Amino acid sequence: MLELKKPAVAGTLESSDIQISMAPNPGKGIEIELDSVVKMQFGDSILATVRRLLEEFEIAEARISLNDKGAIDAVIAARMQTVICRAAEIGYNWAKEDPHAR
Amino acid sequence: MPGKKLKRTSLYASGASVVNMLQAVFYNQDCIVYDLEDSVPLDGKDAARFLISNVLRRHRPEDKHIQIRVNGIYSIYFEEDLEAAVRARPDALRVPKVETAEEVRTISRKVAAIERKAGIEEGSIKLWCTLESHIGVLNAKSIAEADPRVEALILGAEDFTASMRARRTKEGPEIFYARNAMLMACRAAGVDAIDALFPDVNDVEGLKEDAKKSKTLGFDGKTAIHPRQVDIINDAFTPTQKEINYAIRVLDAIEEGKRQNKGAVSLDGSMIDKPIVIRAQTVMALAKAAGIKIGGDYYER
Amino acid sequence: MNESFVLRDMQVYTERGRSALRDFLASQGLRYENDADYAVGVYDDDDVLLACGCCCGAVLKNFAVAENARGQNILGRLLSHLTGWQFQRGNSRLLVFTTPENKGFFLRSGFFIVEETAATVLLENRQNGVERFAEETLPPNGADVDSACVVMNCNPFTLGHRHLVEYAAARSALLHVFLVEEDRSIFPFAIRKRLLSEGTADIPNVRVYGGGPYIISSATFPTYFLKEVNQAADVWAELDLTLFARRIAPLFHISRRYVGEEPYCILTRKYNEAMRQILPRYGLSVESIPRLRAGSKAVSASAVREILARQGACSSLRELVPESTLRFLESEEAAPVLMKLRKTGNGGSMWFEKRTKEEISCLN
Numbered sequence: 054m055l056e057l058k059k060p061a062v063a064g065t066l067e068s069s070d071i072q073i074s075m076a077p078n079p080g081k082g083i084e085i086e087l088d089s090v091v092k093m094q095f096g097d098s099i100l101a102t103v104r105r106l107l108e109e110f111e112i113a114e115a116r117i118s119l120n121d122k123g124a125i126d127a128v129i130a131a132r133m134q135t136v137i138c139r140a141a142e143i144g145y146n147w148a149k150e151d152p153h154a155r
Numbered sequence: 520m521p522g523k524k525l526k527r528t529s530l531y532a533s534g535a536s537v538v539n540m541l542q543a544v545f546y547n548q549d550c551i552v553y554d555l556e557d558s559v560p561l562d563g564k565d566a567a568r569f570l571i572s573n574v575l576r577r578h579r580p581e582d583k584h585i586q587i588r589v590n591g592i593y594s595i596y597f598e599e600d601l602e603a604a605v606r607a608r609p610d611a612l613r614v615p616k617v618e619t620a621e622e623v624r625t626i627s628r629k630v631a632a633i634e635r636k637a638g639i640e641e642g643s644i645k646l647w648c649t650l651e652s653h654i655g656v657l658n659a660k661s662i663a664e665a666d667p668r669v670e671a672l673i674l675g676a677e678d679f680t681a682s683m684r685a686r687r688t689k690e691g692p693e694i695f696y697a698r699n700a701m702l703m704a705c706r707a708a709g710v711d712a713i714d715a716l717f718p719d720v721n722d723v724e725g726l727k728e729d730a731k732k733s734k735t736l737g738f739d740g741k742t743a744i745h746p747r748q749v750d751i752i753n754d755a756f757t758p759t760q761k762e763i764n765y766a767i768r769v770l771d772a773i774e775e776g777k778r779q780n781k782g783a784v785s786l787d788g789s790m791i792d793k794p795i796v797i798r799a800q801t802v803m804a805l806a807k808a809a810g811i812k813i814g815g816d817y818y819e820r
Numbered sequence: 002m003n004e005s006f007v008l009r010d011m012q013v014y015t016e017r018g019r020s021a022l023r024d025f026l027a028s029q030g031l032r033y034e035n036d037a038d039y040a041v042g043v044y045d046d047d048d049v050l051l052a053c054g055c056c057c058g059a060v061l062k063n064f065a066v067a068e069n070a071r072g073q074n075i076l077g078r079l080l081s082h083l084t085g086w087q088f089q090r091g092n093s094r095l096l097v098f099t100t101p102e103n104k105g106f107f108l109r110s111g112f113f114i115v116e117e118t119a120a121t122v123l124l125e126n127r128q129n130g131v132e133r134f135a136e137e138t139l140p141p142n143g144a145d146v147d148s149a150c151v152v153m154n155c156n157p158f159t160l161g162h163r164h165l166v167e168y169a170a171a172r173s174a175l176l177h178v179f180l181v182e183e184d185r186s187i188f189p190f191a192i193r194k195r196l197l198s199e200g201t202a203d204i205p206n207v208r209v210y211g212g213g214p215y216i217i218s219s220a221t222f223p224t225y226f227l228k229e230v231n232q233a234a235d236v237w238a239e240l241d242l243t244l245f246a247r248r249i250a251p252l253f254h255i256s257r258r259y260v261g262e263e264p265y266c267i268l269t270r271k272y273n274e275a276m277r278q279i280l281p282r283y284g285l286s287v288e289s290i291p292r293l294r295a296g297s298k299a300v301s302a303s304a305v306r307e308i309l310a311r312q313g314a315c316s317s318l319r320e321l322v323p324e325s326t327l328r329f330l331e332s333e334e335a336a337p338v339l340m341k342l343r344k345t346g347n348g349g350s351m352w353f354e355k356r357t358k359e360e361i362s363c364l365n
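Protein chains in written order, with the numbering used here: chain A, 54 to 155; chain P, 520 to 820; chain E, 2 to 365.
For the record, the hints were derived by calculation from the structure and aren't laboratory data. Since this is a predicted model, take the numbers as computed values, not measurements. Hints are supplied without guarantee of correctness; some may be wrong.
[What the hints assert, rightly or not] For each label pair, taking beta carbons as the anchor points, the in silico distance ranges come out as:
#1 ASN146/A <-> LYS524/P: 28 to 38 Å
#2 LYS731/P <-> SER5/E: 20 to 30 Å
#3 GLY91/E <-> LEU100/A: 21 to 31 Å
#4 ASN146/A <-> TYR593/P: 20 to 30 Å
#5 GLY91/E <-> ALA681/P: 35 to 45 Å
[Claimed, not checked] Some residues of chain A that are not near chain P, with every Cβ distance over 10 Å (derived):
#6 GLU56
#7 GLY80
#8 GLU84
#9 GLU111
[Unchecked claim] Under 7 Å between C-beta atoms, here's a sample of chain E residues computed to sit facing chain A:
#10 GLY77
#11 THR84
#12 SER93
#13 LEU108
#14 GLN128
#15 ASN129
#16 GLY130
We put the CB at the ideal spot given by N, CA and C, even for glycine.
Bound-form chain A, shown alone (with noise of 0.2 Å):
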């Protein structure tokens, strides 16, 4: 399990952009709160993107503060990896996708 150890934030409140705020959430598990100018029609999918970088982290207990105007798939991700390497304060692992990667 990944922890957090620290609050951190990533991404801006730019059309097209999502900003990010997670801190460490300790006996309270997962807490999202969502604000989206598209919430009706695509929370649900930002909400999906974010719960598979957290499995991917494996991060167990966050509490996450989403502020979504209008980003694509690619965007959410590339926020998530950023804050969560940020508030773990942990480095990426490049490599980790490549073929024969341990």
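Please build the complex by placing chains P and E on the supplied structure of chain A, with the hints as guidance.
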């Protein structure tokens, strides 16, 4: 010559701006340079790597030459920039502030190591080296010849001017020698030469003149700093009718040579060697991109 | 690269930077408060300043966008940048004070209303902040007992404070003591809290808490958006007291608030008057008790600071402060604070420049 990507214009897309990166595909620049360097603040380098990585993986523009500008080789960001950038599989890495051939070889080795680990065809990612200082310009030829990956040299005039303690102007006498020196080095090494940017976004006439100058001197392309400059620069690199006519003749001579199974071909008493053929094909590609109508199948050769 | 605007640090640690900020805010009809830790400006191609925003501790303020630059979400860029900067510094809980007309933008940008009055609104970047604060602060049991409260600054903790706490604790099942949480006072918050806790440790039904961002300090309340600077006290009082009465009191089951009478300080007196008007609207009662006296004078923290400034820690303090406070004042640890007091007289933090003389004369 289908498939060859033109290099008339390069436009940066800042890795710090989602809007910038997504809009980049809508302009007519030949090369998109996704930037990790100057347009990205120090506390945003990590975010920019992830953004460029994800966007290129999922939304790679098809008809453009894709480049990623990494931070300088001596910066603390360089190593990780390579790890991320190489794996994003750009057509080329744009390296700022190159000064020696040894630096180029070092970079090439590091890129090769990552290509191997990532299962990318070794040598497929090229290097575009920016010369931004007097040392770089003085070493232009050895830099251009340093490694087979080197595909182009770019003149970074703003920093070059600073290193010369000169002042940057529109007419450009302060970069006069640098332009020519770099061009000569590129021709000697057989790589492309990209001219410096024109700094005044609002001066359309000035840009037209400067771009014409770039073309006349022999440059293969120019860096644009704003989408508004792209079409103007593309125009300037449109071949003249004379150039097109000559290119047609060269290609016809080659065709004829093939039909007659001749090894070597000549035209008007001179041998047509590989560089001349490549040049003719480039002229055709430029003409096609400029929308010039030519009968026959020259655009396919 | 393709953008026409650029964000730059305005370098408020220089006179040049502060002037530029002051002039721009003035041009937008806003007042300049000289306490920004960091200010960022948005400039166009010709280096003309189009917009600005500042950080002061965890508060984001002094937002202004020139008329000709509106409609391009420059405010969004400013806010994104300031947020990033704050998080990097370790401040993830951010506050904004602004006018009700401007709340819409912040509500769309990840901020939530904490409290709102006709004149001002306080927002923060987390939902249900007050509820969470109560959850984290309240003792685990006995929370729903009918309680009273006292709000103090304790700069430093005196026998007068002790008197108020004793009085209130004797008349309540549970007494919540909220300490104003800021570091503008000459005694840092951590020390004020410690002295308060030590000085009331023997009273079993007393709980001491930092007030967090929800007990609003008059020292840090921004006034840049107010048309008249002398409105500041009233606007601050109304916001703080409404927030207290409407949201904090119910969560802590508080039905009574005790205050010491204020003979000297106009600001505090105004505040107490507002308290007597506002709290009853929410079903709370206010009781004010006379100050403890030592001889002919009321015991006050400002009197203590006077003595410390003039004479240092001396025996005449014995009739003004408890043992625990005196022990601290005589210790090594107090040396930096005493030196500051000696240098600046009674008070002397930066924020004084923006307050009236009467307001300065007290900080209880």
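Evaluated hints:
At about 32 Å, the CB distance of ASN146/A to LYS524/P agrees with the hint of 28 to 38 Å. For the pair LYS731/P and SER5/E, the beta carbons lie near 26 Å from each other, so the given range of 20 to 30 Å is met. At about 28 Å, the beta-carbon gap between GLY91/E and LEU100/A stays in the expected band of 21 to 31 Å. Look at ASN146/A against TYR593/P: about 24 Å separates their beta carbons, and that is inside 20 to 30 Å.
Judged by the Cβ atoms, the range 35 to 45 Å given for GLY91/E and ALA681/P holds: they are separated by roughly 36 Å. At roughly 19 Å from the closest C-beta of chain P, the C-beta of GLU56/A stays outside 10 Å, upholding its exclusion from the interface. With a minimum CB-CB distance of about 29 Å to chain P, GLY80/A clears the 10 Å threshold, and the non-interface call stands. With a least beta-carbon separation of about 23 Å from chain P, GLU84/A lies farther than 10 Å from that chain, consistent with its non-interface assignment.
With a cut of 10 Å on Cβ distances, GLU111/A stays outside the contact zone with chain P, its closest approach being about 18 Å. A distance limit of 7 Å between C-beta atoms decides the matter here; for GLY77/E the minimum to chain A is near 4 Å, and the interface restraint holds. Restraint check, THR84/E versus chain A: the minimum CB separation of about 6 Å is within 7 Å; hint holds. With a least beta-carbon distance of about 3 Å to chain A, the hint placing SER93/E at the interface is held under the 7 Å criterion.
Hint status for LEU108/E relative to chain A: violated, with the closest Cβ pair at about 9 Å, above 7 Å. Hint status for GLN128/E relative to chain A: holds, with the closest Cβ pair at about 6 Å, below 7 Å. Proximity of ASN129/E to chain A is violated relative to the hint, the smallest CB-CB distance being about 10 Å (cut-off 7 Å). Here the hint on GLY130/E is broken, as its CB sits about 12 Å from the closest CB of chain A, past 7 Å.
Violated hints, in rising order: 13, 15 and 16; the structure is consistent with all others.
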